[in-house]
Amino acid sequence: MKTENQKAWFFVLPVLVLVAFNALIPMMTVVNYSVQETFGDNLFFWEGLTWFEQILTSERFHAALGRQFLFTFLILVIEVPLGIAIALSMPRQGPWVPVCLVLMALPMLIPWNVVGAMWNIFALPDIGLLGYTLNHVLGINYDMTQDPLAAWVTIITMDVWHWTSLVVLLSYAGLVSIPDAYYQAAKIDGASNWSVFRYIQLPKMKNVLTIAILLRFMDSFNVYTEPFVLTGGGPGNSTTLLSIDLVKIALGQFDLGPAAAMSLIYFSITLFVSWLFYTLMTKDDLN
Amino acid sequence: MALVLNKITKVVRGETHIKPTSLTLETGHFNVLLGETGSGKTSLIKMMAGLDPIASGTLEMDGADVTGLTTQKRKISLVHQFFVNYPHMTVYDNIASPLRVAGMAKSEIDGRVQEAADILKLGPMLKRRPHELSGGQQQRCALARAIAKDSQAVFLDEPLANLDYKLREELRELLPELFAGRQAVVVYATSEPEEALLLGGMTALMMDGSVAQFGKTAEIYRAPSTLTAAQVFSDPPINDAPVRKEGETLVMGDIRWPAIGGASGLSDGDYTVAVRPHFILPAATDAATVPLSGRVSVTELSGSESSAHFDLHGRGWVSLSHGTHPYRVGEDHTFYMDASACLYFAPDGSRAA
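Those sequence lines, one after another, are chains A and B. Anchor point for the first sequence: position 96 equals 96 in our numbering, and the numbering is continuous, going up by one each time. Anchor point for the second sequence: position 319 equals 319 in our numbering, and the numbering is continuous, going up by one each time.
The shape of chain B in the complex, shown without the other chains:
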């Protein structure tokens, strides 16, 4: 089973919100929509769910064209960022409501509700109302409602965004188990690159209402096809700067390094270099050999990792490394870059090496 988007667009009052988008989303793994707020993740989900009209293009579900079908007739589930449960119904009735609407037999409804509640550890709360639950429990209830139903597609729109850190971790670990073995296309929208990497599967990078890149999550992280894709899929933001290839050397202002790996095949000219922050280290290693000197402006320590923001030729660059380091804010520090981890992009933004 697959959900096929064929050049679908969204237009609101003459303004294009989603540019022609084509994707094939399949069962068996998470399909992550990764992008910043406003990049079009929710718009895309709403169109797939039939909540917003598709301006042009077609949408196929399991081989059938569902473009013009109302939401009620599409077999889907949706979990929002906000915990949406019917406030006057008990948890049991909330989970059972889509099944009742579908006219399922009482005994089967009971079985399914119990099953969903077991997986999501809601057993003792079935008789409570949503407002008597904690945020995490409310979202588990919404998830239980989504999985109890026979859906062809399940849309999760930043379901963990409103939960605090611990609950988010806990629930994220539950997610793969929830959808394992289900014949449903699972679409998961998130704005956090880390979450996409943890969920794996396939990822579509969204930017300004269109898909910048679509592929296996780990692969597009390693090999972004455009500068935009590299920027979307990096937290903290990827470092970039203009660079010039001259013979066997790359030149960035007064910094030079030898062209190694894919870079050796580049023809001479202007490029943009992009390096993830964890390839910029505070001290030289076997791999990190290119010295970069800059004034440290901000330092942050987050548990086992520390980051330093420094000024490199007027651009803000970031270094991210394990351990703690005695950076001094306002003073110069020499960082070392791993040249083999550099990504090179042509002036039009496409990947060069």
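Next comes chain A alone, as it looks inside the complex:
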């Protein structure tokens, strides 16, 4: 009996439509913009790779890209070890487990623009709790609207506050999946706490950490809302990250061609670095 037919395509169709409208069509529109000059009245003129050349050679782009890498590097260097350390010090059983988990999850439940607004007010030198305390109680000169260093410290601290929990929760999930027997075996082998961490906990956390680092890389590399609400990219351009600059070009200056070209370059970098991270971190498993 022959049961072969083409019905299966109907089941795939919704996904194809979804992906098309969600990703393919917007992406092709961007590609379209990136190779043309656009005028009002929907007039388009072919420009080839002009915008790509312009972006890749622009100092403004280089500076924003540099700031973007610095931002992502700093938050990864702080959040990953800090997240692991917090996860290690959390109780693994008992009544405090749910309390800790809820406390950890709280920052992640707050909308991004609210986080930005909260920290903005928190850091204001005259009325914010943090800003006022630093300036008027501790006597430290701190003003993120004037001082680039202060602005950087504030956006990094804000991101650490908002997102370390993600690393904590994923690491914690990895930790609790380790059976007691391994800890006992390690004790019997005479292993120190460091060896237990290095040879038992870290390898067991590796998979979830790979995901955590990947997520934190992608999210921080594409971050927009929080630093934009907090500093607006200032003072000057000191905290203008790639996404903030992109929005300025696209919606501020309405340079759609260069903005589209920049989007594609931006996207390629994110994709390439993510691929690199993932390949490097899962290399051992393939051997």
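No wet-lab data here; the hints were simulated from the structure. From a predicted model like this one, the values you see are computed outputs, not experimental measurements. Think of the CB as a built atom: it goes at the ideal place given N, C-alpha and C, for glycine as much as any other residue. No false leads were mixed into what you were given.
Below 27 Å or equal to it, Euclidean Cα-Cα: the simulated DSSO-like pairs (lysine-lysine) are: (1) A:K187 - B:K46; (2) A:K206 - B:K127; (3) B:K127 - B:K166; (4) B:K7 - A:K187; (5) A:K283 - B:K127.
Covered stretches of chain B, going by a simulated chain A footprint (3 or more residues, C-beta under 8 Å): (6) 70 to 76; (7) 93 to 103.
Chain A is fixed; fit chain B onto it per the hints.
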């Protein structure tokens, strides 16, 4: 060298798990902890290994008090019922890990790992990871890790329980060779009386968190000091029933037999008689002369042996004998008991004869 337990106890949240226990475990033979699940074997091992705290009493190793010492500072090895190996390390690294932690020289580590791997036939698998091994190989790897290290005590907590029959036999035969000539106290926990008999050495019978009897394995099998000890050390379960001594005769309901051997010295009164199933036979012999009639409820044939469960005055008794026998379930059958193999216990459970 000896491991001396001096009235040690374990208390968890006010509840006593191990009652005061004193034992002297020595090198040169297996020290078997025999008892059912929950009898306290693992608890005792965990205390000796320092994984669980000792509530009171002291523990001495080679003459030194180690009661308060952390696990890391005790020179011990432990093999679990579950195959515990570090999953991301090769077999070689697994065996070498305790030696590396101890800071041993590379060449010596290599020698020891090779030696342990040779004995346990792991030579060709040294470069593999544990998940690429079969269950038997994983447990051999865990055993190799335990013997590669210079331990004063090696604890084996039902190491063969999770292996299938053939592998269990194979590995059990290897065990005496593994520990021969080693200056380590070997403690072996098992729930199978047969395994204790095969391993020999000394046996501590464990029951409800305390040691019911401790002595040479064969001796305590032959001469259990209490009814409890006899019950723990018997598989299938030992048969027991109330019995009364009247003059030169023992009376169990309508069954009577003459008091012979040690029983002749018993004073008149109430006792409990206990007989191992292989002294209850389906037909009379020179030794088995006391007829016991009962309704057969279950019969089992295991290879060369057959067993029959039958009802004797409302108690379930078991007969175990060689060969096959035409029992009929639901019908009466007359079994014959060897009166000279009967053990008698006083009402308080202590051995009378």
